[in-house]
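Asks: As a plain string of letters, each chain reads:
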Amino acid sequence: MPDVNLYDDEFHPTPWQSTWREFKQSHIALVGLTTLMVFVVLAILGPLITPYAPDLQNTSALILPPAWHDNGSVLHLLGTDVLGRDMLSRIFYGIQVTFGGAVGAVLFALIIGTTFGAIAGMTSGVRSSILNHVLDTFMVIPSLLIAIIIVAILGVGLSNAVLAIGLALIPRFVHGTRNFVKEEFGKDYIKTARLDGASSIQIYFKNILPNMIDVIIVQGTLAISVAILDIAALGFLNLGAQTLLPELGVMISEGLATAYIAPWNILLPGLSIFLMVLSINVVGDGLRSALRNRMSQ
Amino acid sequence: MLTTLLRYFNLIVITLFILLLISFSLAFFFPGEPYTNLTGNILLEETVGPLAQAFREGNIFQQFWYYAKNLSMGDWGVSFSTALPLYDKIFQTLPATLELTFYAATLSLFIGIPCGMLAGFLHHKKTDYTFMSMSMVMVSFPVFWLALLLILIFSLQLNLLPMSGRLSLLYDIPETSGFVLIDIINSTVPYRYAAFYDAIQHLILPTIAVSFITTAVFLRTTRRAIVDVMATEYIKTAQTRGLPFYVIFSRHVLRNAMLSILPLFAIQISTLVTNVMIVETVFSWPGIGHWLIQAIYERDYPAIRIGMLLVSSIVVFFAMSLECISRLIDPSRGNKQYA
Chain A
1 MPDVNLYDDE FHPTPWQSTW REFKQSHIAL VGLTTLMVFV VLAILGPLIT
51 PYAPDLQNTS ALILPPAWHD NGSVLHLLGT DVLGRDMLSR IFYGIQVTFG
101 GAVGAVLFAL IIGTTFGAIA GMTSGVRSSI LNHVLDTFMV IPSLLIAIII
151 VAILGVGLSN AVLAIGLALI PRFVHGTRNF VKEEFGKDYI KTARLDGASS
201 IQIYFKNILP NMIDVIIVQG TLAISVAILD IAALGFLNLG AQTLLPELGV
251 MISEGLATAY IAPWNILLPG LSIFLMVLSI NVVGDGLRSA LRNRMSQ
Chain B
1 MLTTLLRYFN LIVITLFILL LISFSLAFFF PGEPYTNLTG NILLEETVGP
51 LAQAFREGNI FQQFWYYAKN LSMGDWGVSF STALPLYDKI FQTLPATLEL
101 TFYAATLSLF IGIPCGMLAG FLHHKKTDYT FMSMSMVMVS FPVFWLALLL
151 ILIFSLQLNL LPMSGRLSLL YDIPETSGFV LIDIINSTVP YRYAAFYDAI
201 QHLILPTIAV SFITTAVFLR TTRRAIVDVM ATEYIKTAQT RGLPFYVIFS
251 RHVLRNAMLS ILPLFAIQIS TLVTNVMIVE TVFSWPGIGH WLIQAIYERD
301 YPAIRIGMLL VSSIVVFFAM SLECISRLID PSRGNKQYA
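Protein sequences appear in the order of chains A and B.
Take the first sequence: its position 29, counting from 1, is numbered 29 in the numbering used here, and each next residue is one higher.
Take the second sequence: its position 247, counting from 1, is numbered 247 in the numbering used here, and each next residue is one higher.
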C-alpha cells in the first residue's frame, strides 16, 4: 500500500544527527573518536585503576624495563623510572593532569575569546579599531613568550601554565568569532530580527550563537591539541608543572638523565602525548569535514 | 597601492608601539623595583641619567619617554646574571635563531608546497590520503619529544650526527656576521671546508625537528587552497577551452592559490618561532630562545623584557609584511575595516 501520509513520516534529522551521519562515514575519524574516548576515560577514571600511587617508590625495582623486555616484570607493565616509580600509574595520572589542564585552558580561552570576539564583531568605529589593534598585537606574540612572561610575573606552577596557555589561545577564538559575527550581522535574517525590535544582545544569544556553536566546537577541539602540546612543552622546560606532579612533559624531562640506559622513560610519556594529540586532531578534522559536507548538502 | 603601504606601515607602527608599552609595563608587573627591571641597575641617590631622574620624580610619562629614547639609542640595560649590556648579547644570539628559522622555513616551503600541490590535484585519491594522514601524524608530534627522538636515534644509537651546539670546539671561526655558515665562507682559515661540513652536520637535526611540523602545516594549507581553486568555475572554463594542464596550472591555479596561502603563512610565523625556541633549548643551540629560557631560570627580568620585545617585534614585522605583500598582489581581497 502506498504511503499516503508523506509529511508525517518524513524524518528530519536535527543538525547534530546529520553531523554525526557525516562524521561516521569516515572510518579514521571513528577510530580517532574511540581513541579519544579511551583517553577521556583514563583521564577521569585513571586514579581508580592504576596499580600503584604515582609517587610510590619501589627501591627494589629501579629502572625496570617494560614487561615485554627480557628483564621486565609483569608487576610493572611499562617499567619503572630512576626512582622506582611505576610508569603505567604515572602515565595514567599524567594523562589526567595534562589533558585536564588542556581542557581547563581551552574552556577559559573559549569563554573569554568568544565574548571579546562577539563584542569586536558587533562594535564599529574607534572602539572596535582599538580593540582589534590590541587583539592583533597579542595574536602575533608567540605562545611560549606569553608563557615566559606569565611565569616571570606569577612564578612557576601548573595553574600558572594553564593560565598562560589560556591567554595565548584567546586570540584564535576572538579571531574566529569576530569574523563569523561580522559576516552574520550582514545577513537578512538578522536584519529581520532587528526590524522585529531585537537588541544586539538578544540577536547574539538567540540567532548567532546557535549558528556559531559548531564552529566553536571544532575550534575548541583543535585548540585542546595545541594546549596539550604547550602544557607538555612548558612542563618539559620546567616552566609549568613541577617535578612532584606526574605531568607528561615533566616526566620526559626527568627521563632525560637516564635517556641512554632507559629510553622508555622518555619514549612512553611522549608516545601518550603524541597519541592523545593525534586522536584529537583526527576527531577535529573529521568534525570539520563533516560540518562542511553537511553545509554543502 | 600607496594607501595599502601606508595603512600597513601605520599598522606596524601602532603594533610596535603597543608592544613597547607592554614591555614598559612589564617592569612594573615583575617582582622588584621597576627601575631595576628596566635597566638592570639599582636606583641610587647618585644615579645619573634622565630615566633615573624621571623615576625619582615619579612622572610615568617621562619614564616611558626616556625608556623609549634609551632603547632607540641602543642602551637596553644590563643583564642581572652577567652585568653585561643586553644589546651585545642580543646581537650575538639573534643571528643563530634567525639562521635556524630561515633554514627550517625554507626546507618546509620546498617540501610542503609541492607535496601540498600534488595532494590538491589528486584530491580524494590515494596519494592525497597518504599525504594527509602523514601530515596529520607530523602535526601531532610534540616538538621537544621529536627533538629528543632525533637525538636518541641519530646521535646516541647511530652515532651519525652531533647532538648539541652549532660548531665543534675544534674550529675557531672569527665571528663577523653571526651567521655561522656565512662566517665560515668569509673566513680565511685553512680548515674552513672541514668547519663548513661540521656546521652543516650540526644544523641537520635542529632544522629537521623544527621543519617537521611546519612542513605538515604548509602541506595542509597548500592542499586546501588548491582544492578550493580547482573547484571554481574559471578552472572548469579553462579546461573546456582545452588549455593544456601546465597553462591552467601556471596561469590560473598557481596564482590564485598563492593568494590564499600567503596570509595563512603569516599566521604560522609565531608558531614557527615558538618551535624554534623549544628546539634551541633541546639542542643547546646558542640562540635567543635558549638564552631567554636560561634568563627565566635566573629570573633575569631585564633580559626577559627585552627578549620579549625584540622577538615579538620581529614576528610582527615579518607577519605584517607578508600580509602587506599579499594585499599588494591581490587588491581584490576585502579591505580590512580597521587600520
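Hints were generated in silico from the structure; no laboratory data involved.
One or more hints might be untrue.
Taking lysine-lysine and the DSS-like style, the derived pairs with C-alpha atoms no more than 25 Å apart in a straight line are [stated by the list, open to error]:
1) A:Lys24 / B:Lys125
2) A:Lys24 / B:Lys89
3) A:Lys206 / A:Lys182
4) A:Lys206 / A:Lys187
5) B:Lys236 / B:Lys69
6) B:Lys89 / B:Lys69
For each label pair, taking beta carbons as the anchor points, the in silico distance ranges come out as [to be verified]:
7) A:Ile201 / B:Ile60: 35 to 41 Å
8) A:Ile112 / B:Gln53: 51 to 57 Å
9) B:Leu98 / A:Ile261: 44 to 50 Å
10) B:Val247 / A:Ile28: 50 to 56 Å
11) A:Ile111 / B:Glu45: 55 to 61 Å
12) A:Thr59 / B:Ala68: 33 to 39 Å
13) B:Ser72 / A:Ser159: 34 to 40 Å
14) A:Gly155 / B:Ser250: 41 to 47 Å
15) B:Phe91 / A:Gln242: 30 to 36 Å
16) A:Ile112 / B:Val247: 47 to 53 Å
17) B:Ser250 / A:Ala257: 53 to 59 Å
18) A:Leu256 / B:Gly58: 34 to 40 Å
19) B:Pro114 / A:Asp70: 27 to 33 Å
Ideal Cβ placement from N, Cα and C applies to all residues, glycine included.
Asks: Could you run down the list of hints and mark each one as holding or not?
Replies: Comparing the hints with the structure gives:
1. Pair hint lysine 24 of chain A plus lysine 125 of chain B holds up; C-alpha atoms about 20 Å apart against a cutoff of 25 Å.
2. For the hint pairing lysine 24 of chain A with lysine 89 of chain B, the CA-to-CA distance comes to about 55 Å; that exceeds 25 Å, so the pair is violated.
3. Only pairs whose Cα atoms come within 25 Å are accepted, and lysine 206 of chain A paired with lysine 182 of chain A is accepted, the gap being roughly 16 Å.
4. For the given pair, lysine 206 of chain A sits about 15 Å from lysine 187 of chain A by alpha-carbon distance, which is consistent with the 25 Å threshold.
5. Of the pairs offered as hints, the one joining lysine 236 of chain B and lysine 69 of chain B is violated, with about 59 Å between alpha carbons and a cut-off of 25 Å exceeded.
6. Of the supplied pair hints, the one linking lysine 89 of chain B and lysine 69 of chain B holds, its CA atoms being roughly 20 Å apart against a limit of 25 Å.
7. Judged by the Cβ atoms, the range 35 to 41 Å given for isoleucine 201 of chain A and isoleucine 60 of chain B holds: they are separated by roughly 37 Å.
8. For isoleucine 112 of chain A and glutamine 53 of chain B, the hinted distance range of 51 to 57 Å is not satisfied, since their beta carbons lie about 40 Å from each other.
9. The given range of 44 to 50 Å is broken by leucine 98 of chain B and isoleucine 261 of chain A, whose C-beta atoms sit roughly 37 Å from each other.
10. Here the CB-CB span from valine 247 of chain B to isoleucine 28 of chain A is close to 36 Å, at odds with the stated 50 to 56 Å.
11. The hinted range of 55 to 61 Å is not satisfied by isoleucine 111 of chain A and glutamate 45 of chain B, whose Cβ atoms lie roughly 49 Å apart.
12. The given range of 33 to 39 Å is broken by threonine 59 of chain A and alanine 68 of chain B, whose C-beta atoms sit roughly 59 Å from each other.
13. Here the CB-CB span from serine 72 of chain B to serine 159 of chain A is close to 38 Å, well matched to the stated 34 to 40 Å.
14. At about 56 Å, the beta-carbon gap between glycine 155 of chain A and serine 250 of chain B misses the expected band of 41 to 47 Å.
15. Between phenylalanine 91 of chain B and glutamine 242 of chain A the C-beta distance comes to about 34 Å, which sits within the given range of 30 to 36 Å.
16. Roughly 50 Å separates the CB atoms of isoleucine 112 of chain A and valine 247 of chain B, a value that falls within the hinted 47 to 53 Å.
17. Restraint check, serine 250 of chain B to alanine 257 of chain A: a C-beta distance of roughly 55 Å satisfies the suggested window 53 to 59 Å.
18. Remark: the range hint 34 to 40 Å for leucine 256 of chain A to glycine 58 of chain B is contradicted by a beta-carbon distance near 48 Å.
19. Taken as a hint, the range 27 to 33 Å is violated for the pair proline 114 of chain B and aspartate 70 of chain A, whose Cβ atoms sit roughly 45 Å apart.
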